[in-house]
Amino acid sequence: MAEPRDEQPLHRRLGLTDDELAAVVEELGREPTHLELAMYSVMWSEHCSYKSSRAFLSRFPTEAPWVLVGPGEGAGVVDIGDGLAVAVRIESHNHPSAVEPYQGAATGVGGIIRDIFSMGARPIALMDPLRFGSLDDARTRYLFEGVVSGISGYGNSVGVPTVGGEAVFDDTYRGNPLVNVFCLGILPTERLVLARAEGPGNLAVLLGSSTGRDGIGGASVLASASFEAGDEAKRPSVQVGDPFEEKRLIEACIELVDAKLAVGVQDLGAAGLSCAASETAAKAGAGMDVDVARVTKREPGMNPVEVLTSESQERMLAIVEPADLDAVLALARRWEIRATVVGRVTDSARFRVYEGLFDAVGVAGENPEPPIGDAAPEISSDVPPIADVPVGSLGDGPLYHRPFARPAGQDVLQAADPGPPLRDEFPAGADLSGELLALLATPTIADKTWVSRQYDHQLFLNTVAGPGADAAVLRVKGTAKALALSTDGKARFCRLDPRTGGRLVVLEAARNVACSGARPIALVNCLNFGNPEHPEVMWHFSEVVEGMSEACEALGIPVVGGNVSFYNASGDDDIDPTPVAGVVGLIDELRDPPPGARLRPGDDIVVLGEIRPALGGSEWAAIVHRLDGGMPPVADLERARAVHELVASLVRDRSISGVHDVSDGGLAVALAEMAVAGEVGIRVELHFDGCTPAEACFGEPASVVVCAVNPHETAAVCGAAAAAGVPARVVGVAAGDRLIAKGVFDVALTDATHAWRDALPALMHPR
Amino acid sequence: MPAFHAHVEVTHRPGIADPAGATVERALPALGYTNVAQVHIGKTINLVVDAPDAQSARDQVTEMCERLLANPVIEAYEVVIS
Amino acid sequence: MPAFHAHVEVTHRPGIADPAGATVERALPALGYTNVAQVHIGKTINLVVDAPDAQSARDQVTEMCERLLANPVIEAYEVVIS
Amino acid sequence: MTVRVGVVLFPGTNCELDVQYAVEQLGGSAELLWHADDTTNGVDAIVVPGGFAHGDYLRTGAIARFSPVMNAVGEHARAGGPVIGICNGFQVLCEAHLLPGALQKNAGLKFLCETVALRVETVSTALTNLARVGDVLRVPINHFEGNYVCDERTLEELRAEERVVVRYVDNPNGSLDDIAGICNSEGNVVGLMPHPERASDALLGSNDGVVLLKSLLAAATTGATMLV
Ligand SMILES: Nc1ncnc2c1ncn2[C@@H]1O[C@H](COP(=O)(O)OP(=O)(O)O)[C@@H](O)[C@H]1O
Ligand SMILES: [Mg+2]
Chain A
1 MAEPRDEQPL HRRLGLTDDE LAAVVEELGR EPTHLELAMY SVMWSEHCSY KSSRAFLSRF
61 PTEAPWVLVG PGEGAGVVDI GDGLAVAVRI ESHNHPSAVE PYQGAATGVG GIIRDIFSMG
121 ARPIALMDPL RFGSLDDART RYLFEGVVSG ISGYGNSVGV PTVGGEAVFD DTYRGNPLVN
181 VFCLGILPTE RLVLARAEGP GNLAVLLGSS TGRDGIGGAS VLASASFEAG DEAKRPSVQV
241 GDPFEEKRLI EACIELVDAK LAVGVQDLGA AGLSCAASET AAKAGAGMDV DVARVTKREP
301 GMNPVEVLTS ESQERMLAIV EPADLDAVLA LARRWEIRAT VVGRVTDSAR FRVYEGLFDA
361 VGVAGENPEP PIGDAAPEIS SDVPPIADVP VGSLGDGPLY HRPFARPAGQ DVLQAADPGP
421 PLRDEFPAGA DLSGELLALL ATPTIADKTW VSRQYDHQLF LNTVAGPGAD AAVLRVKGTA
481 KALALSTDGK ARFCRLDPRT GGRLVVLEAA RNVACSGARP IALVNCLNFG NPEHPEVMWH
541 FSEVVEGMSE ACEALGIPVV GGNVSFYNAS GDDDIDPTPV AGVVGLIDEL RDPPPGARLR
601 PGDDIVVLGE IRPALGGSEW AAIVHRLDGG MPPVADLERA RAVHELVASL VRDRSISGVH
661 DVSDGGLAVA LAEMAVAGEV GIRVELHFDG CTPAEACFGE PASVVVCAVN PHETAAVCGA
721 AAAAGVPARV VGVAAGDRLI AKGVFDVALT DATHAWRDAL PALMHPR
Chain B
1001 MPAFHAHVEV THRPGIADPA GATVERALPA LGYTNVAQVH IGKTINLVVD APDAQSARDQ
1061 VTEMCERLLA NPVIEAYEVV IS
Chain C
2001 MPAFHAHVEV THRPGIADPA GATVERALPA LGYTNVAQVH IGKTINLVVD APDAQSARDQ
2061 VTEMCERLLA NPVIEAYEVV IS
Chain D
3001 MTVRVGVVLF PGTNCELDVQ YAVEQLGGSA ELLWHADDTT NGVDAIVVPG GFAHGDYLRT
3061 GAIARFSPVM NAVGEHARAG GPVIGICNGF QVLCEAHLLP GALQKNAGLK FLCETVALRV
3121 ETVSTALTNL ARVGDVLRVP INHFEGNYVC DERTLEELRA EERVVVRYVD NPNGSLDDIA
3181 GICNSEGNVV GLMPHPERAS DALLGSNDGV VLLKSLLAAA TTGATMLV
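Residue numbers (the working numbering), protein chains in the order written: chain A, 1 to 767; chain B, 1001 to 1082; chain C, 2001 to 2082; chain D, 3001 to 3228.
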């Protein structure tokens, strides 16, 4: 905009539009105070209010008999039987990570973990879907290295294992990496606690770190306006994570809830205390008074605006009955965490902020000093509030129906089918050995051990399958059950056709879970998009949500939570639409490890599902040959369901000895990955009707799964496939020390292994 | 080319949290030190750099700080050449 | 009681490997710095201590170093009081 | 009667429940020892487990060693009782001078979580009395600071007195003399970086750590007597 920022009226400098200001004035019946204006500006930011996306998100199917808590709470919660439930959530920390990769990623991990234990669940697993530009750029390597170190440094120390994730590299993320974090927690069902400030007279106790100037308008502002990475003006909002503080908070909060000492618990995230205090009250239909004088400040001279909007990390708000306060403070002392009464629930239906009220009227006190005075005196109103707003108004921000329009270039994009040119360049009979090796070495496909070895992925002794598997598999101690987790996203498919792309993202995550023998029970999504003021972006968004919803309905997976991140762009280049799906699957009985993505010498190799030309958006076409266009693979939802159920059952009764789904890089890469893992070669014939050998090898059709089968079982497996109406084809055997597809490729196993294993380390440590 | 000794001290920028310092401060009273405050933990880098003169040595080390030795987003640094 | 500012620098004892320093030294050439050697990375601890006089401030901080701030097995330290 | 193992819990420790679980799977009983209590509750053996006591701030183990419980652990050790420090616990035992040397950042400055091969070098210790010299065990490591260092004289001593308990077959972190674990001169105090409890269940990939945990239980039943 033309006007320099500081010559603008306050509300605009705080990011409120003129219309939004008018709405505030109408809400209050007067001009807002500076503090009120600041609170509205953070609470009504895109990040906190979902003002551009709310209208669409209601489309997601959210119901299922086992869903205990759906979207809209700290985390979604589903019942897994045996008196246990799991809490799941996924969040983005894209913009903070672009400014400071280590701390941005670290604080992202800290935030998602707080969402989980605020429900009374113990966080037991993290996943980190990551996206960066291409690694030949030094800044990108710096961001990648920093983000991975940040997740490692915080996650390992706070004591939550990172059991899987993604690392995708594509130029669309050059100036704007995507750092999404998924967390899962487990709890006895009766320990479930919600963020509710019930009961007038109850006390709001702030637990954890002191409140500093760090992160003033942080996440909310950073995530709510496009900016250039490294932008000076954003620096003051960089926050430093303290995993040690958070570890003590986890233990203290779980003890708190176990001992039934908290009526409600809420984490302090974006918009800090204003959000936590007002939201808990609004949800309980109560009011809340907060006294900023009670908040422990990290720096001298912090004003109420800073205190209410600070996004300092590692803080929780517990709603406590006065009679329990001493017990709560004692528990906090034991874990050496700060605990201070900063608010009290009222029946005023208003959110009021005071300065110096509580001491005046003797509201009970603070740790370590023993509580003073009577816990619940009537508040004398001669101390005037410095903010006084209807409690619900902060939480229910404006709702925008942004204009949306199909991009002008969409037809051209879809018409640019990479099939024909690639058919000309690689006709039947062409040697694809070099192409296969090139694909195995692309960073997106290459071995991710360089990343995952930096993460503790074993803590709690649950990890049956960790990084490297299609889905992470965690046993549930004390039961026969296990959980399967996968996060997936494929932006190129979504750009070519967002509806189909949205479906495909859900299908891949569900397929990965099926490959471990699980049935999907919940999905969370992280929707990373560009500037919502661009009609094309909103079209992408609405189509993706529609596609994901259709797939979830077809597979019977309830959506229990999500997160929207807009303004992912550098300058005016919006990123490709990047929805990420996190699917949780349940395995009813796990006796021994699932087969895993490997071949055993002598196994038959069986391909389940339909191989058809599908080069549009594939790694081979788009990354290796820079042909970005065409249509994404067909997303047949009924076929997907059949394949998933078939594969899951074959895995459950162990009639197959290895299994891996076809995704990035296609069938040839899936075969190679299984061969490398099994340290055995393959001899296969890859002739499929309607496909050139190249299309059969490197196309990425949906709902295709490769199985390794003991020859005695082959007939039975093919029979089961036929019964399920799923095409099955025995393509060859696992044998020798070469990867041989007759007349198509012939590669030494050792060469394939090196190409795949050495790629990332070589890129990250150039010699 | 003459060799210069560079001493770099890296500290947190004001207002940026210092969890390590805070933790040590919390631990000291238990050891009987009740009279200690404002504990901050930083990093030093000592190195030897070949350069035509002290000024260019300083310039190079400053550049190293910006690029590698320090994280200018959250850290401040000070270079001493001798 | 007056407050003294203490600056502690903790470094590796000679003969004890310094993996952090070594790694940084290995990383520098890739960034174009081929003229850097003997990189050593240490720690600084800054704190404020109340003491009757500078000498007793130094004695207390030195004791803190021996007990907590440094590990005499592998580290040397230097205390500056101001 | 079942062996009682005390598992020390500092703020920031995170492997205490894993050790407890593994010990109980092997028929022992395990109870947590709170850092602020100056007692071992009369347990037969003590494990100082992995994690990030006090956030690993300043130096790994530097603050934890001053916890009241460490006095009790020290007495237990001096009385010949078995004490095992795993990962962060090893770092704490070094800081507490119950074991010589120190653990620095890994060469390469990266956190490492992976399964490594360990060679058993001596069996007259609380951790290896049921193993055989030369046994190669696959056990996970999970640390940023596992790079063992000590001065020349100490190293000579460790070698001469056969106090290097386990060595890395393929050194992952730059440790002096490939040292993965050492013991005191009596063999009742052992520290190692790898996590035996993470290799105690085939379902999770390896149970090579079982012989180590069983050795601990054995050492606890027979007390100090069988050692050395
Ligand atoms: N950033 C990461 N953190 C942890 N594990 C990762 C990460 N990136 C990839 N992985 C692991 O590497 C394996 C391959 O990833 P990917 O190719 O995305 O699997 P799939 O194609 O089956 O979805 C998976 O097990 C995944 O969990
Ligand atoms: Mg897969």
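The hints are simulated quantities; they were obtained by calculation from the structure and are not laboratory data. It is possible that part of the hints are untrue.
Dumping the calculated PhoX-like pairs for lysine-lysine here, alpha-carbon to alpha-carbon at most 20 Å [stated by the list, open to error]:
1. D:Lys3110 / B:Lys1043
2. A:Lys448 / D:Lys3110
3. C:Lys2043 / D:Lys3110
4. A:Lys283 / A:Lys51
5. C:Lys2043 / B:Lys1043
Derived list of chain C stretches under chain B, where covered just means 3 residues or more per stretch with a C-beta under 8 Å from a C-beta of chain B [what the hints assert, rightly or not]:
6. 2041-2049
7. 2070-2079
Ideal placement from N, C-alpha and C gives every residue a C-beta, glycine not left out.
Consistency of the hints with the structure:
no.: 1; hint: D:Lys3110 / B:Lys1043; result: 18 Å, holds
no.: 2; hint: A:Lys448 / D:Lys3110; result: 15 Å, holds
no.: 3; hint: C:Lys2043 / D:Lys3110; result: 19 Å, holds
no.: 4; hint: A:Lys283 / A:Lys51; result: 19 Å, holds
no.: 5; hint: C:Lys2043 / B:Lys1043; result: 4 Å, holds
no.: 6; hint: 2041-2049; result: holds (count 9)
no.: 7; hint: 2070-2079; result: violated (count 0)
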